[in-house]
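So the sequence lines, in the order shown, correspond to chains H and V.
Per our numbering, the very first residue in the first sequence carries number 126; after that it's consecutive.
Per our numbering, the very first residue in the second sequence carries number 707; after that it's consecutive.
Among the clues, some could well be false.
[Unchecked claim] Here are the simulated BS3-like cross-link-like pairs (lysine-lysine), alpha carbons at most 30 Å apart as the crow flies:
1) H/K517 with V/K860
2) V/K811 with H/K197
3) H/K829 with H/K772
[What the hints assert, rightly or not] With the C-beta cut set under 10 Å, the calculated list includes, among others, these residues of chain V facing chain H:
4) N790
5) V794
6) F808
[Stated by the list, open to error] Label pairs and their computed distance ranges (CB to CB):
7) V/Q894 with H/P358: 26 to 34 Å
8) V/S857 with H/R322: 50 to 58 Å
9) H/P561 with V/Y823: 46 to 54 Å
10) V/S718 with H/G694: 24 to 32 Å
In short, the hints are calculated from the structure, not lab data.
Since we're looking at a predicted model, the values are computed, not measured.
A virtual CB, placed ideally from N, CA and C, is assigned to each residue, including glycine.
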Amino acid sequence: MIPFSLTITMHSDWHVGSGTGRAELDSIVQRDADDLPYLPAKTLTGILRDGCEQAAQALDSGLTGQWNDWLKVLFGDQPALATTPLEHEPRPAIVSIHSARLDENLRQALGQKQELRTAIAFMKPGVAIDAESGCAKDDYLRFEEMVRQGAILTAEAQVNFSEAYPHLSTDKYLPFVQGLLTAGAKMVQRLGGKRRRGNGRCEIQLNWGDKGDPLTWLKDHYDELPEIPELQPTNCAVSLSDNPLNADGTWVTVPLTVTTESPLVLPARTVGNLVECLDYIPGRYLLRYLHKKLGDRVNISQAIANNALILTNATLKIDQQPGHPTPFCLFGEKLDGGLSKGRNVYNRFQETNPQGVQLKGERGGYLGPWTDNALPAYGKVDLALYTHNTIKDEIQRPSEEVGGLYSYEAIPAGLTFHAELRVSAAVNQELSKNNPNWHDLLTGKTRIGQSKKDQYGGVKITVDSPPNPANTQTQKIQGISSGCPLYVWFLSDVLMRGDRLNPTLNPDDFTQALAKELGVSLHLREHPSCFSMMLRQRRTESWQVRWGLPRPSLLGWQAGSCLVYTVEGNLDPEKLKQVAIRGIGDRRAEGYGQLSFNDPLLTDNTLSQKQRDSELGESTTRNPTAILLPKNRNTQTTNQVPDDVFKYARLIEKAAWREAIQSKALAIAQNPQTRQEVLGIKINGEDSCPPMSQLGGLRSVMGKLRKRDDSSAITSWITALENVENRREKWPGNSLKQIKDLVTDTHKIWQILNLDSKKLTLTDDGTSKLQATLWAEAVRTLVDAMIRAHKRDLEKAQQNH
Amino acid sequence: MTEKLYSWVSRSPMSLDQAIQTTQAQQMGANALLYSPQSCDLAQVQDGNVCGSDGQPLTLSHYFEARIFNETCEVRWLNENQGNGFLVILADSDLDLNSETFSCKETTLNSHLSQTYLLWGKAIRQVQPQGGWQRLAEARIGKLDVPLSQSLKKDQRVSLQSQEYLAEVDNFGNVAVIEERLVKLEVQ
Numbered sequence: 126m127i128p129f130s131l132t133i134t135m136h137s138d139w140h141v142g143s144g145t146g147r148a149e150l151d152s153i154v155q156r157d158a159d160d161l162p163y164l165p166a167k168t169l170t171g172i173l174r175d176g177c178e179q180a181a182q183a184l185d186s187g188l189t190g191q192w193n194d195w196l197k198v199l200f201g202d203q204p205a206l207a208t209t210p211l212e213h214e215p216r217p218a219i220v221s222i223h224s225a226r227l228d229e230n231l232r233q234a235l236g237q238k239q240e241l242r243t244a245i246a247f248m249k250p251g252v253a254i255d256a257e258s259g260c261a262k263d264d265y266l267r268f269e270e271m272v273r274q275g276a277i278l279t280a281e282a283q284v285n286f287s288e289a290y291p292h293l294s295t296d297k298y299l300p301f302v303q304g305l306l307t308a309g310a311k312m313v314q315r316l317g318g319k320r321r322r323g324n325g326r327c328e329i330q331l332n333w334g335d336k337g338d339p340l341t342w343l344k345d346h347y348d349e350l351p352e353i354p355e356l357q358p359t360n361c362a363v364s365l366s367d368n369p370l371n372a373d374g375t376w377v378t379v380p381l382t383v384t385t386e387s388p389l390v391l392p393a394r395t396v397g398n399l400v401e402c403l404d405y406i407p408g409r410y411l412l413r414y415l416h417k418k419l420g421d422r423v424n425i426s427q428a429i430a431n432n433a434l435i436l437t438n439a440t441l442k443i444d445q446q447p448g449h450p451t452p453f454c455l456f457g458e459k460l461d462g463g464l465s466k467g468r469n470v471y472n473r474f475q476e477t478n479p480q481g482v483q484l485k486g487e488r489g490g491y492l493g494p495w496t497d498n499a500l501p502a503y504g505k506v507d508l509a510l511y512t513h514n515t516i517k518d519e520i521q522r523p524s525e526e527v528g529g530l531y532s533y534e535a536i537p538a539g540l541t542f543h544a545e546l547r548v549s550a551a552v553n554q555e556l557s558k559n560n561p562n563w564h565d566l567l568t569g570k571t572r573i574g575q576s577k578k579d580q581y582g583g584v585k586i587t588v589d590s591p592p593n594p595a596n597t598q599t600q601k602i603q604g605i606s607s608g609c610p611l612y613v614w615f616l617s618d619v620l621m622r623g624d625r626l627n628p629t630l631n632p633d634d635f636t637q638a639l640a641k642e643l644g645v646s647l648h649l650r651e652h653p654s655c656f657s658m659m660l661r662q663r664r665t666e667s668w669q670v671r672w673g674l675p676r677p678s679l680l681g682w683q684a685g686s687c688l689v690y691t692v693e694g695n696l697d698p699e700k701l702k703q704v705a706i707r708g709i710g711d712r713r714a715e716g717y718g719q720l721s722f723n724d725p726l727l728t729d730n731t732l733s734q735k736q737r738d739s740e741l742g743e744s745t746t747r748n749p750t751a752i753l754l755p756k757n758r759n760t761q762t763t764n765q766v767p768d769d770v771f772k773y774a775r776l777i778e779k780a781a782w783r784e785a786i787q788s789k790a791l792a793i794a795q796n797p798q799t800r801q802e803v804l805g806i807k808i809n810g811e812d813s814c815p816p817m818s819q820l821g822g823l824r825s826v827m828g829k830l831r832k833r834d835d836s837s838a839i840t841s842w843i844t845a846l847e848n849v850e851n852r853r854e855k856w857p858g859n860s861l862k863q864i865k866d867l868v869t870d871t872h873k874i875w876q877i878l879n880l881d882s883k884k885l886t887l888t889d890d891g892t893s894k895l896q897a898t899l900w901a902e903a904v905r906t907l908v909d910a911m912i913r914a915h916k917r918d919l920e921k922a923q924q925n926h
Numbered sequence: 707m708t709e710k711l712y713s714w715v716s717r718s719p720m721s722l723d724q725a726i727q728t729t730q731a732q733q734m735g736a737n738a739l740l741y742s743p744q745s746c747d748l749a750q751v752q753d754g755n756v757c758g759s760d761g762q763p764l765t766l767s768h769y770f771e772a773r774i775f776n777e778t779c780e781v782r783w784l785n786e787n788q789g790n791g792f793l794v795i796l797a798d799s800d801l802d803l804n805s806e807t808f809s810c811k812e813t814t815l816n817s818h819l820s821q822t823y824l825l826w827g828k829a830i831r832q833v834q835p836q837g838g839w840q841r842l843a844e845a846r847i848g849k850l851d852v853p854l855s856q857s858l859k860k861d862q863r864v865s866l867q868s869q870e871y872l873a874e875v876d877n878f879g880n881v882a883v884i885e886e887r888l889v890k891l892e893v894q
């Protein structure tokens with residue numbers, strides 16, 4: 126893998142839209158998890174591909190040729206655009222570009238200041254012009270959000286030959302790839318929405334490290350381009366009859382923490398042009414990572430085939446443990462209860478339906494570990510929605526023919542999930558041969574799910590503790606004697622086969638399979654007023670990446686389903702533990718078939734009397750210490766930022782200060798008392814003191830106040846006024862002196878406005894610099910606002926008389 | 707008229723190779739759908755051999771699930787442990803199989819429905835990969851070789867015919883699809 130980075134400098138205001146609007150804004154810009162604008166990887170990849178297409182066409186002198194073929198190696202095939210059936214399978218891209226974000230220091234500093242995050246963008250009005258009349262059309266006024274120019278964003282990227290072309294000589298091919306990409310980047314001049322209206326002018330620079338100038342190299346060698354390589358898929362054939370790894374003996378568990386670094390798209394189903402997302406990470410998504418990390422020590426495929434390796438689904442972390450899917454036997458009071466409110470929840474396996482109260486079944490979400498006297502913690506994954514489009518080259522717009530608009534639901538970045546890797550004694554022995562600390566190899570980063578090449582799917586995996594032979598979930602399991610109940614809770618979806626090897630959704634088939642595993646007879650509990658079986662079905666449709674084809678539909682029971690049996694015969698706790706750790710049914714290595722037995726939540730018969738003590742979750746408050754960005758003065762201080770970033774931070778600050786000055790001035794001007802204190806103006810009955818003509822003069826002369834030195838023009842005007850008795854008398858009390866003080870004392874305006882400079886300042890000397898820069902503007906704004914408010918109040922007073 | 711679905715389950719687990727040898731008599735002109743971690747393959751079964759589009763026998767120890775079907779019956783096999791699994795045969799009529807090897811079950815049906823799955827890809831002009839095979843292609847997946855003796859015209863598609871069996875599933879008279887049997891590949 127060859128890493129490189131992109132630096133994108135925005136020379137004009139830009140708009141990469143989210144596809145939605147908000148309040149008065151018709152079109153807002155896309156923001157990331159930090160609530161800051163960014164350049165989505167899909168936008169960046171698309172625009173760079175477009176640039177490279179132009180470069181390739183120039184090098185080939187046409188639409189076909191070797192450079193055009195190489196473009197498909199770099200960015201992958203576009204099957205959606207194919208007009209004829211193609212025999213070769215689509216080529217994957219070798220270039221992977223991630224989203225571009227603002228400077229890390231700037232993002233951290235902005236992260237604590239809402240006002241500044243808002244000020245990074247502004248509202249731009251627009252109208253549509255009628256072609257015939259040349260006037261603005263009715264009902265065509267719109268407001269779009271624009272990010273301020275001058276932003277510098279950086280993106281990580283990689284060139285990776287090893288996945289699709291493992292035997293390719295990187296030294297031979299890389300310079301051509303670098304050359305084409307760099308040339309393509311040079312061709313890009315604008316990106317984002319309305320780029321033919323002056324927005325989004327940019328410059329993209331590719332940073333390859335110390336490898337010379339790819340363009341100079343390209344100039345000398347462009348005619349030596351080699352043939353495009355053949356796709357070489359990796360072979361993962363495994364013989365089921367070989368059996369060096371078995372599933373006997375003690376199992377070893379490795380707890381894994383999975384943190385999302387970018388949004389994850391894990392498709393649950395596709396509805397129209399919306400891809401719906403799961404709220405957990407199925408174990409199957411991490412198997413590829415296991416192959417990479419442990420594949421040279423043990424045959425992972427063989428271990429999976431022998432059911433000697435299980436990777437459980439990663440579910441939301443709640444109280445340092447994997448969240449359990451909410452059991453369907455829990456019901457909340459419809460009007461004032463439920464798990465989200467933390468009160469009035471009934472366990473209908475144990476509690477009867479309360480009289481006169483309407484209950485509603487709990488669906489979705491995850492529960493933390495059981496605590497005796499309180500409801501367990503409850504968490505839900507709030508999925509984010511991202512809209513994208515596919516641009517048709519000829520018209521340079523999204524078009525239905527090539528896909529048009531589509532949306533991805535995604536698990537947001539910054540969430541933590543927990544999973545478990547379970548391996549049998551034989552696999553553990555094989556892994557420990559050369560390295561007893563093999564679990565350390567599992568720590569790392571990978572990308573999973575749909576669109577993992579670019580914007581989505583970044584996860585960080587860490588190992589919480591060394592492997593241990595006992596599973597925390599199964600430690601508490603006790604033996605069950607004949608006639609006692611057995612509570613079963615599905616911690617993941619369960620896939621079973623019937624007696625004709627058909628996928629089955631018949632509860633009797635599950636009962637039989639479980640009874641066979643446990644060596645006892647199981648009968649569904651009979652209870653006059655409580656439920657004993659709460660099962661829901663789920664159908665999973667997915668794509669098999671290695672096959673390059675869709676996988677057959679998986680039909681099974683949904684995680685959260687639960688049942689109560691009466692046991693006939695003595696149940697060995699060891700057998701229960703084995704089923705709890707190995708699971709039941711098909712595809713257990715991928716996380717399916719996980720069960721929990723006799724969980725205290727399901728056996729509790731006073732759940733409705735319990736409440737949750739505190740709300741779920743760790744404190745999300747940000748570090749209150751303000752980060753100020755110092756300007757780079759070529760010293761070694763690590764916190765310093767480059768000049769360009771400092772300049773952009775100052776630009777945002779200035780916009781935020783202007784916004785704050787305007788709103789504060791308007792608020793202050795509303796109060797007649799304050800107007801009298803600041804300017805000495807007042808309303809007597811239906812008369813203005815001084816008259817409006819005098820105030821018009823003041824407004825006129827204030828318009829000349831552009832910098833500190835201009836205050837002399839106003840003091841001269843006041844002196845001239847004072848020298849004419851007729852005019853002096855029109856100004857009440859000390860009003861003229863008050864105005865003179867306002868324009869000569871540079872601190873007075875800031876005392877009046879009393880802005881919260883800590884909230885509005887991003888750079889270390891920002892307050893003093895901005896006070897100096899914006900002094901004249903602040904005075905003008907305040908005086909203007911006061912005179913306007915005074916006039917409005919005067920008009921009201923005159924109407925009332 | 708009341709219909710019946712016959713199913714036979716082997717009394718002991720066996721490998722896929724053994725399963726194919728055991729059910730040779732039922733595999734006249736059969737095609738197979740084979741699943742391995744590496745690929746999902748369509749194959750032709752003749753005289754106890756399972757061959758791919760290149761005419762070569764496939765390595766059966768790689769597959770974890772198989773569905774072998776013709777118009778009379780469907781043979782199913784699923785790996786349970788170390789390459790062994792139970793064998794199931796489904797048919798509309800009694801095949802009179804050896805009761806020492808198989809246990810038989812008859813299910814009374816209400817009726818059956820014919821269903822069609824459309825296969826990915828369209829026919830393309832090309833040199834035949836092997837007698838009795840046709841090649842489909844689609845930009846999204848590449849090529850897909852299907853065992854089919856009928857010739858295909860350009861842009862024609864291939865469908866997989868199946869039979870769904872309807873039966874009562876509870877004591878209230880509710881009817882549902884209880885089983886599905888693959889039947890044949892057909893030009894559409």
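Q) Checking against the hints above, which ones are violated? A) Of the numbered hints, 2, 6 do not hold.
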